[in-house]
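Each number in the working numbering corresponds to the 1-based position in the sequence shown with 56 added.
Keep in mind that the hints were calculated from the coordinates and are not lab data. Take these hints with a grain of salt, some might be off.
[Stated by the list, open to error] So the derived label-pair ranges between C-beta atoms look like this:
(1) Gly202 <-> Leu153: 32 to 42 Å
(2) Glu85 <-> Glu112: 27 to 37 Å
(3) Gly202 <-> Pro90: 14 to 24 Å
(4) Gly102 <-> Gly202: 24 to 34 Å
(5) Lys128 <-> Arg100: 17 to 27 Å
(6) Gly202 <-> Asp176: 38 to 48 Å
(7) Pro157 <-> Arg200: 28 to 38 Å
(8) Ala182 <-> Leu153: 28 to 38 Å
(9) Gln201 <-> Gly110: 21 to 31 Å
[Unchecked claim] Derived DSSO-like pairs (lysine-lysine); straight-line CA-CA distance at most 30 Å:
(10) Lys82 <-> Lys127
(11) Lys127 <-> Lys66
(12) Lys127 <-> Lys78
(13) Lys175 <-> Lys77
Note that beta-carbon positions come from the ideal geometry of N, C-alpha and C, so glycine has one too.
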Amino acid sequence: MKWITREHVKVDRVACPWLIKKFVDKDAEFLFVPNDQVMEVAEREGAIPYDVKGVELGHHGKECSFEAILKKYNLTSDAALVLLGKIVNGADTDNTLWHQPEGEGLEAIAEGFRHLGFKDDHEQNAAEWIVYDALYAYCQEMVRQGRPDGAFKEASSEPDAGSINPWDRTGAQTSPKQ
57 MKWITREHVK VDRVACPWLI KKFVDKDAEF LFVPNDQVME VAEREGAIPY
107 DVKGVELGHH GKECSFEAIL KKYNLTSDAA LVLLGKIVNG ADTDNTLWHQ
157 PEGEGLEAIA EGFRHLGFKD DHEQNAAEWI VYDALYAYCQ EMVRQGRPDG
207 AFKEASSEPD AGSINPWDRT GAQTSPKQ
């Protein structure tokens, strides 16, 4: 199947193809075109549009396109993908829906990739997907540890973030900083 979105990818337009290829359509072919040509080319090519204003697989309210794909293709039973969706949302939007702290790091990484001089969106996606593989592994580990919200903390009643090692399987805390 063909999938189409706007050219000059950033967070959601890299995360969505990663999600589609890994969990929805292993044979997916992606098209990146100017914003004003997306719907015309989608119709001509029989492609599914995503991360474009006014489409089913686009932003709705404060949810990003990645989250729309999770819902449409019944992927919300995977708690790690749901957490990854919150991180992508935090990087791609104003981050007021989930307040996911990892989103700021992903936003910075995505911006850095935009300045590495890739010849096109396909090349950038190919290079950047390893980031999403790593984030998905992180999300799986957070879920395994019983932390399906990742680094998010609602109140300051929890220990200082510097005293928690999310990879420590014993649950031990480090000594407070002196």
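These are the hints, each one checked on the structure:
Checked against the hint of 32 to 42 Å, the C-beta distance between Gly202 and Leu153 comes to roughly 23 Å, which is inconsistent with it. At about 19 Å, the CB distance of Glu85 to Glu112 disagrees with the hint of 27 to 37 Å. The given range of 14 to 24 Å is broken by Gly202 and Pro90, whose C-beta atoms sit roughly 45 Å from each other. One distance hint, 24 to 34 Å for the beta-carbon pair Gly102 and Gly202, is violated here, with the actual separation near 44 Å.
At about 23 Å, the beta-carbon gap between Lys128 and Arg100 stays in the expected band of 17 to 27 Å. Between Gly202 and Asp176 the beta carbons are some 42 Å apart, a value that agrees with the proposed interval 38 to 48 Å. Between Pro157 and Arg200 the beta carbons are some 19 Å apart, a value that contradicts the proposed interval 28 to 38 Å. For Ala182 and Leu153, the hinted distance range of 28 to 38 Å is satisfied, since their beta carbons lie about 29 Å from each other.
At roughly 39 Å, the beta carbons of Gln201 and Gly110 sit outside the given window of 21 to 31 Å. In summary, the hint linking Lys82 to Lys127 is supported, as the alpha carbons are separated by about 18 Å, within the 30 Å threshold. Restraint check for Lys127 and Lys66: satisfied, since their Cα atoms lie roughly 21 Å apart, inside the 30 Å limit. Annotation: proposed proximity of Lys127 to Lys78 holds, straight-line Cα distance about 15 Å (limit 30 Å).
A distance of roughly 21 Å separates the Cα atoms of Lys175 and Lys77; the hinted pair therefore holds under the 30 Å criterion.
Consistency note: the structure conflicts with the earlier hints numbered 1, 2, 3, 4, 7 and 9.
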